[in-house]
Each structure stands twice: as structure tokens, then as C-alpha cells.
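Engineer: Sequences are here, hints too, so could you generate the full structure?
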Amino acid sequence: MKLTITTADGNLVNVDVDEGEIVGSLKAILEVETGVPMAQQILSFNGSPLSDDANLASTGVKDGELLMLMRAGGAPTPGAGSMAAPGIPADLVQAVDQLRNDPARMRGLEQNNPELARAVRSGDYGFLMEHAGRAKRREAELEREYARLEADPFDVDAQKRIEEIIREKNVEDNFSQAMEHNPEVFGTVTMVYVNMEVNGVEVPALVDSGAQTTIMTVSFAEKCNLLRLVDKRYAGVAFGAGSSKILGRVHQAPIKVGSNYLASSITIMEQRNGPQFIFGLDNLYRHECSIKLKEKVLYFGSADCSMDFLAEHEVPKHVYPQDIGNTGESSNPGPPQGSALAQDQSESKQPSPSASAPASVPTAGGDAPQPTAGGDAPQPTAGGGPTEESILKLMSLGFDRARCIWALNAAGGNTEAAASLLFSEMDI
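Following the UniProt record's numbering, the numbering of the sequence shown begins with 1 at its first residue and continues without gaps.
Worth double-checking, as some hints may not be accurate.
Quick list of simulated restraints, FRET-style, between CB atoms [as the list claims (entries may be wrong)]: (1) Arg107 / Glu139: 23 to 31 Å; (2) Lys292 / Leu116: 33 to 41 Å; (3) Phe154 / Arg134: 32 to 40 Å; (4) Pro316 / Lys292: 22 to 30 Å.
The calculated lysine to aspartate or glutamate pairs, modelled on EDC-like cross-linking and capped at a C-alpha distance of 20 Å, are [unchecked claim]: (5) Lys160 / Glu172; (6) Lys169 / Glu139; (7) Lys160 / Glu145; (8) Lys62 / Glu21; (9) Lys245 / Glu270; (10) Lys2 / Glu21; (11) Lys245 / Glu222; (12) Lys136 / Glu184; (13) Lys136 / Asp155; (14) Lys169 / Glu197; (15) Lys62 / Asp16; (16) Lys62 / Glu130; (17) Lys256 / Glu270; (18) Lys62 / Glu19; (19) Lys169 / Glu202; (20) Lys256 / Glu202; (21) Lys256 / Glu197; (22) Lys223 / Glu202; (23) Lys2 / Glu130; (24) Lys292 / Glu312; (25) Lys223 / Glu270; (26) Lys256 / Asp308; (27) Lys296 / Glu184; (28) Lys136 / Glu21; (29) Lys136 / Asp16; (30) Lys294 / Glu197; (31) Lys160 / Glu139; (32) Lys160 / Glu180; (33) Lys160 / Glu184.
The set of hints was computed from the structure by calculation and includes no laboratory data. Even for Gly, the Cβ is constructed at its ideal location relative to N, Cα and C.
Structural biologist: Have a look at this one:
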């Protein structure tokens, strides 16, 4: 069977032995190949030293396995006074020390390779040397494969494989350079939270300019005593990575920012996990907010005040985003299939458009208009869509046909509400 031996200085030695050989015979071969006397050889497999009289097959060593060869005896590592254990390369000890003293790189390593990060923290040099040996072995195998493929430059499959090898190498080089020069990119970015009060109840609010509307979970709305104000005509479904039911909207709720009280509309979601309160783009626009990342403050232009971002340890773990924070709502108006919110027809109890449950189509400019019984509300056609008369009436205001159809569908066929919706989009 073929074995690969990695030495303390990082070199690889390939040997062919019979699986019935004892470890002592393998060491005799390695003495010739490496120049390390048998008496000074420490041969290990999976971190465990192998006894000289042990049979290779009985130790679990199989064809193609990687073994570690270390030399008994050692010298102090140059540098900051760290000591290299016998047979451990000084540069490996130095690299481990550098990693331990670099929190950003350690965070990146813990995210991408937790097992390797644990070995670095615990000083498991046997594992680290085996890991390095495996990496060198893969690199050597890749080079051999590359040379074999280049032997036939007219083989289409070989050229495709060469292209893939080059791509993989470029990706790995890019990763290595990022780890070395920009390790912070592998860390977790803390979401932007600020302390607010909603109807007198304090809450860490997630500031999310990617959320089209300001969102609150039903459990927190109950805690804030806002469920009594929910307008169920704005019920629907929010679509994104998943979907969540919209119970309705509170058109005006008091939010305390510093010493200032602001009126804000809030969409109530059925979902109970994730952030309890998301301060979305609609209110960010309305209150002329600026997210100042350098100063780590959220500035409210309408109140001329700022709120400091919460540090990571100040944010309760249970309010971190799960599904609710990324509803995938688009801030660009478009046809109905592009809207993040859909009408929940099952909740519509009455045939009148003014009493139906229009889709909550939030905009950055403000609340969607509330349909009224006095508005022009033509009945939909037999196909369920808006009437041609309603479409032409909206088109006469200067809007294109697709936008008019979208607005009428969103407003449940109410022409007046659809017109208000289209004009509110123009105010953004």
C-alpha cells in the first residue's frame, strides 16, 4: 500500500509498503529517505504515536493514509520567547501565536473551520501538522493531475478540468489573501439596533433600510396594547425568503426617540420569533433619518436628535433576525407579481370593495390610503380583475397601464384608493 509521510519541516515522503509490515520496518525506510535515525523517529497516525512492533494493518493505517513523522529533541522557537515542542516546526508555533493574538482572524477561522480553530486555541500541534500535511498532499496531487491533463492539450474534457483547477486555485488564493490582509470580513457584522419606546414599552428596535415597512410581531403588539388599533383591512401575506401572515396595520402609534415622541404607522405580523420591532424604510423616510455608521448613531432629521447604536452585548439574543427581518419587500413599484405583499382574499367577508381586505402595499412615502365607501369603486370583471373603465380613468391621470392595473388590484378595485396609491409613489 502507498503511504504519505509528512515531516516536521513540511516535506512529503511517499513510500510503498506491505500492509503486513511492522512500524519498525517503515521507520527503517524513512531513515534512508529522510536521514532521521530510527531511534529519534516519532511516527504518529491520527495524533497517536505508533509502536515499533505494531503491525500497520492493526493500527488502522490503510492505503493512501497520511502519517506524521517528528524527530525527538527540539530547540526554542525564535521570536517572542515561545518554546517549540520536540519535532514541531518553529514557524508553526509562531504562526499559532500570531493567530491567537489576532481576534479578527480567530473569529474568521472559527466561522470557516471550527475544528482547526479549536486546535489553535488548545495548542494541538499534532492535529495542526497533520492538517498542514494534508493540505500539502492535496496540492501535490493537484499538481500531478495538472501535469497529466496538460499532456494532451487537445482533449476537451482535460481542458475543462484544467480550467476548473485554475478557477479553484484563484478562489483559494483570493480566500488566503482576504484572510491575511482583511480578516475582519470573515467576522459577523452586528445589526443596527437602537433603544426605542413604543406606546410606553421599551424595545431594542432593529433599524432595517431593506424592510419596506415598519414591522412589529403580534406578541409585542399585544404587550404594547396596540392590537385594539389594528386595521384588519390591511391584512395580507408578506413574501420573501419565506412568508408570514400580516394581521393588519396600526395607522398611528407613539414612538419615543430620546425625549421626542413621533407618530409612526406599524404593520403587525403574525410571526412571533426574530426581532420584535423593525424600524423600516417607510418611517426612515418620513422622519428624515440618516444611518451614520462612522458615528454609530441613527439621526432623526424631523426631531433633530440622534440615537446611539446598541453594542452587540446589549442586544438580547432572542431578537436577532431569523425570518421576519428579511421579507424581501421591494421599494420599487411594479406589477402585482413583484409586490412583496399579497391580498389575503380568504379574510374578505363582504362583497363590497370598500369592505374587502386590500393588500398592504407599503411605500416609503407613507401609509397606503384607506378605501372608503364614498370612493369610486367599480365592480371587478367576471375574470376578477379591474374594469376597463377604471383602468382608463387612472391612465388619464398620466400613469401607464401596467401601473394602473397593479394599483387597482392592490386597492381591491377602488379607483380613488388606487389613484392615491399611485400619487403617493410619486412623492417618494
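Engineer: Hints numbered earlier in the text: which of these fail when held up against the supplied structure?
Structural biologist: Numbers 12, 13, 14, 17, 19, 28, 30, 32 and 33, in rising order.
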